[in-house]
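Using the hints, position chain S against chain Y.
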Amino acid sequence: MNVPGSSQTGASASLDDVLSQITTSSSPSSLNQYLRSFAPKESRDTILASTLSSGQDPLTVLDTRTNTLGILYILSARLHSASAPTPTLSVIEDFCSQFNPEQARLAPDRVTLLAKGIVRAAESSNNAKYALASLYSLVTRYPPDLSYLTTLHAIYLKTCVATRHFTSALPVLAVPITAVDTSLSDLHYNDNLVYHYSGGIALGALKRWREAEEFFEICVTAPAQVPAAIQLEAYKKLVLVQLIQYGEIVSPPKHTHPSLIRFLKASPYGTFVKMYPARVESLRALVAKEQDLFTQERNLGLINQAIDRAPVWLIKKLTATYLTLGLSDIGHEVGIDNVEEVRAIILDMIAQEEINATISSDNTVTFADVIPKFSKDDLDRLLVQAQEHNRVLLKVERAVNASKEYVTKALKHKDDGNWGVEEDMFPPGIGGGTPWAED
Amino acid sequence: MDVDIIEEEQQMMSQSHGSRLAGKRPLRITVDEAHPFEIETYISSYTGRTYVDRLLHIMSVCPALAPQALQLAVAEALKGRDTNLYREIFNRYERIHADAGDEIPHLSVLAEPDEHWIEETNLRNQAEKTKLEVELKTYSSNMIKESIRMAHRDLGDFYRSIGEHNSALKHYTKSREFCTTSQHVLDMCMSVIELLVEQRNYSHIATYVFKAEAALDSVTIARGQTGPEPPAGSAQANKDKRNAEREKVQTKLDVATALSHLGQNNYEKAAQSFLKVGPVKGLEDWSGKLIAPGDIAIYATLCALATFPRPSIRTQILDNDIFGMYIEQEPYVRELLESYMNNRFKNVLEILERYATRHYIDIHLYQHVHNLTNLIRSKSLVLYFQPFSSIKLERMSQAFGWSVQELEQQVVALIQAGEIKARVDRQNKILKAKEIDQRAALYAKAIKSGQDMQAANRKLLLRMRLQQADLVVKPPKGQQGYNYGTGHPTELLSGDY
Chain Y
1 MNVPGSSQTG ASASLDDVLS QITTSSSPSS LNQYLRSFAP KESRDTILAS
51 TLSSGQDPLT VLDTRTNTLG ILYILSARLH SASAPTPTLS VIEDFCSQFN
101 PEQARLAPDR VTLLAKGIVR AAESSNNAKY ALASLYSLVT RYPPDLSYLT
151 TLHAIYLKTC VATRHFTSAL PVLAVPITAV DTSLSDLHYN DNLVYHYSGG
201 IALGALKRWR EAEEFFEICV TAPAQVPAAI QLEAYKKLVL VQLIQYGEIV
251 SPPKHTHPSL IRFLKASPYG TFVKMYPARV ESLRALVAKE QDLFTQERNL
301 GLINQAIDRA PVWLIKKLTA TYLTLGLSDI GHEVGIDNVE EVRAIILDMI
351 AQEEINATIS SDNTVTFADV IPKFSKDDLD RLLVQAQEHN RVLLKVERAV
401 NASKEYVTKA LKHKDDGNWG VEEDMFPPGI GGGTPWAED
Chain S
1001 MDVDIIEEEQ QMMSQSHGSR LAGKRPLRIT VDEAHPFEIE TYISSYTGRT
1051 YVDRLLHIMS VCPALAPQAL QLAVAEALKG RDTNLYREIF NRYERIHADA
1101 GDEIPHLSVL AEPDEHWIEE TNLRNQAEKT KLEVELKTYS SNMIKESIRM
1151 AHRDLGDFYR SIGEHNSALK HYTKSREFCT TSQHVLDMCM SVIELLVEQR
1201 NYSHIATYVF KAEAALDSVT IARGQTGPEP PAGSAQANKD KRNAEREKVQ
1251 TKLDVATALS HLGQNNYEKA AQSFLKVGPV KGLEDWSGKL IAPGDIAIYA
1301 TLCALATFPR PSIRTQILDN DIFGMYIEQE PYVRELLESY MNNRFKNVLE
1351 ILERYATRHY IDIHLYQHVH NLTNLIRSKS LVLYFQPFSS IKLERMSQAF
1401 GWSVQELEQQ VVALIQAGEI KARVDRQNKI LKAKEIDQRA ALYAKAIKSG
1451 QDMQAANRKL LLRMRLQQAD LVVKPPKGQQ GYNYGTGHPT ELLSGDY
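As given, the protein sequences belong to chains Y and S, one line each in that order.
The first sequence maps to residues 1 to 439 in the numbering used here.
The second sequence maps to residues 1001 to 1497 in the numbering used here.
Isolated chain S, as found in the complex:
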């Protein structure tokens, strides 16, 4: 089923060298009827930098789509100011072309980098940079906190748009020093978080989310205190408005947290965070710029299927109206969930397989697809076997759509991992559940504990007596500060025995 991917991987392994996915095996995904994927519809949910990023990723991962991706990327990049990104598109294509050979047409056939535009944009960027830096210097010498902060922020934004992320981060953090109100801190945190998500730097997201939440709390309190006293009737309306504001920011923070968990392989926490996310409106400008609502649905479902027990899935996903809105964006997710809840595991696995392309193409998800699929598969096996005391392996393999050998391997792995409490009858190809005689087991355990405890007590009493009699192994007098650090056995005392 994943045969296409594996074969291509092995073929490409020998040819490819150092791709952008440093250290990971380069994946090559095919697009065919079994794996339907429409690049245009997919990419239309995004704009801006993430648009180009995703297209770049698609190019690396799926050379067949590279030409299309190239053209779309070029069109979008021209709208921005990042010349490096623009160039990168072409370089990437060249590299892929070198690997893929004749599958895709040569670069020159498709497009030429517009040198003229590059030069122009570079000049413009340079001019802007100088202007902003001069401003910053002026404000610094004037020591006006607010202006310095804004100058840093503007520089940060600028560097971000031309793609120099380290400098952008530096300026954002510098602006922290000059923040006077919590609102400023909040703004700064949000910008940094957006930057980190773009960079897929998952480990730092958590710290900034924490800071942002603290700032958000103080902002909401402050907002309630300052401002003119509203007339009694509109007090409620005010409060609602405040809460709505807070919710919007909170939504973004939740999404960021969830992404960071996903990036660090904490699938369960990721699922929980994703499901906490509020209504789609809350995402406002993030939607499209960083992440699409459909993505949220997919991430959440996959993580939940891999880690949640079935009742939780029902309560938290299917009965969750807010989340339902996300699912609307990607209907196949609903089908996936329904099949899982109704034990149609073959269907589940088929859907996963069909949309594997879609998953591998996603920049946040592709590293985890393999793990998540394995987890979901193991869970399905365990769930399937739960009601049975014995079942023919053949029937089970039919339910999952595998051969008996494959199934046996999977099942044995699960038994050895302790997930399924059963045994395989290899001769008759039956899986039989283990019946434990509780009474005998209890007796055995009690007796063993008793004996162990007695032995342990005896040894401890002896030890206590030895200590009381001061028969403790001590270093001979005169040995100054024995150094343990080397850990070499010759340091041990060799008694005269």
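Here chain Y stands alone, though its shape is the one from the complex:
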């Protein structure tokens, strides 16, 4: 574990020295230290990006699995330097699919740099989608599991959305984020926002409304002292998705930043939401007025989908008041004059089990209540889920109880007679058991 180079006055280490260090070092953490300090900051990356004195590309000499850390540094430097030749796509993909995650975790900032470099390289060669494969490998292999938020999540999702490869994002989106570890990845609040916003867009494009709603909601309710513009955009899309899904908006959770709610109410979106659901002509009239705004903010697609769903919600309202209704009457209420169109919509709704109705030969529709049916398996499954959820919550609570801050705070208020709080820490039953045993 000799540390060459830095003790020599004047001359900083050359790439050859670095290479030998990489190949001979036995402890990854000290290697990490070395790589960070072997040269003054400005020249570090240039050195890393250069070629060996023999003219060889250092990447060919190093082995991915054992020298992950070294290759990581070199690759990330190469991708960001203007002068050095960009590594080929196959090199990058190979690295990403075979690198050693534990080593890589020693230098999370370089990993982020690497990912950003990959995106840049792909964009400059006009084939942004080539970045997807490598980024996918990175994002799935780097964190211990996908539920840990990393910078890679945000970068990957952004690329997926930019290249419109929404389905490639699905495996990543399927695992909800539950853990945040800043030592794992150099996170910024924006990563959380961008990931969930892009995730929402991807899911929305795939018409998976329930999941899209959840992602947008996470972006909107992210803790904030001052709301970010992206949160307002997410809120607008959230509202539109809720209209498509439920026919009305759900009031946002209490911890949402109030200015977001205010902004939305004042904007044309607020007016649209208030009007919804209404007859199709009135909705379209409103949209035509604000068309520029909607197009500019790229929400026109969602708005149009919401308008298409409007008759469905109007008809649902009708089912609550009427038992039978003629098709023409329904058309009249909804604002669609063409009877055939109304019939098609209703048949659609029946097929998707949104309403329970029958259309008779003389064009009257008879509604009945939708009776939800549950099988024993459904219930069992739900119970298991709930139990699992409970276990997780208990675990979290135990962790908090043991945490330093909580204990200090609890001790401070000990004299306030807060014994009841500490009782909860013990599983119930212990308190009752002891006296009886003494009898």
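Do not take every clue at face value.
The calculated lysine-lysine pairs, modelled on DSS-like cross-linking and capped at a C-alpha distance of 30 Å, are [claimed, not checked]:
| hint | chain 1 | residue 1 | chain 2 | residue 2 |
| --- | --- | --- | --- | --- |
| 1 | S | Lys1145 | S | Lys1248 |
| 2 | Y | Lys265 | S | Lys1459 |
| 3 | S | Lys1448 | Y | Lys254 |
| 4 | Y | Lys414 | Y | Lys404 |
If you are wondering where the hints come from, they were derived from the structure by calculation, not from laboratory data.
Okay, now just chain S, sitting in the frame of chain Y:
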């Protein structure tokens, strides 16, 4: 049924301009066999200012009665000292004549304003005013609290009688400063309340009633403490006398509270207050000067029908003896209540319609007649449908005396408002009650709650973790005191994404 009124309204809307009922559509009520109304009997229960006020209102609302009203009003106004009011009678008539055209005879045919009387009264009023003001100045310079208070009070009374209500109110409030005992405060409050009721200024009544009640409490206590010790036997009698005094004032306060609630559209509270009112005797001088016992009966019944459930109506009105005395004054109210309790809703609606004229003519009630009728109608519909699981719309419409279309509209409105839990079968014209499968609904609710809770918990945990890791959206350093007030979206942070 209300067709007469609506047609006239629409006709008059185009012609009328700015009536005294600022902002409200001017109503024109017709008087005919379907709407019997005797102006003389009605107005005979009142005296004084309210007499003239009500007649003025009648003139605006019902031009056909205007000539009669005019003459009665003139006769009464001459008894008082308010020249403005006197003039107002004539002006009002002119205006109505201009709108109504040939229906009613021209003013000159009926009466001429007595200029001579006007001048005389003005002079007299002026003299009185100067005298009182001089008195007030003298007493103020002498700094005798009691006299100042009385001078203010007299001035207040004076301004009230000549119709300058703002000055009257000013003087009454000034006299508050010089009140020494609770009795004084009480007197002052009562005068102000009377003034406010005359002015129909409902929002302020509540404050003064509150003050008056506080004063009343201290008065009754004080009365018990001061005064010579009575011999043991008459202690009870004394106490009763005290209570009787208190009750009288309390009655007036209750009436005032009730009126203020009515004026502010709190029909339920109004009904409760009206029913609390004590015996007729308690009203003493208010009866006739401000409000008639019959009025109390009508207001209370209408408000109660619109808001109380049936059992309450039975206990609080029909079994209430004290209130029974009020009902005696206006017998049709009893009929109204009986029909309602016995489900004869058609009768209820008919009676309401018949006496609509009487209601619109009342100065406190006319703004609310429409609302109250709607409320009563909705309640009747809901009550009627309650025992049925399905009923033919035709039968229901017969019970209410409407056409099937009208009924359907009403029923749909109620269903959408959630008052009736049923569905309309438009093809067969049947109203069918909704049967909810409780078991399935319970399961569905439980499952949904479970899923929602899990999702919410997950999101909250994430949020907690984000906060712990300090991944909170913060303004960049150096941004001093961001001003939220403008609320413009560009203030939001635009991250580099």
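Hints, verified against the model:
1. Of the pairs offered as hints, the one joining Lys1145/S and Lys1248/S holds, with about 28 Å between alpha carbons and a cut-off of 30 Å not exceeded.
2. Using a Cα cut-off of 30 Å, the hinted pair Lys265/Y and Lys1459/S holds, with the two alpha carbons roughly 24 Å apart.
3. Among the hinted pairs, Lys1448/S with Lys254/Y is consistent with the structure: their alpha-carbon atoms are about 20 Å apart, no more than 30 Å.
4. Between Lys414/Y and Lys404/Y the CA atoms are separated by roughly 15 Å; this keeps the pair inside 30 Å, and the hint holds.
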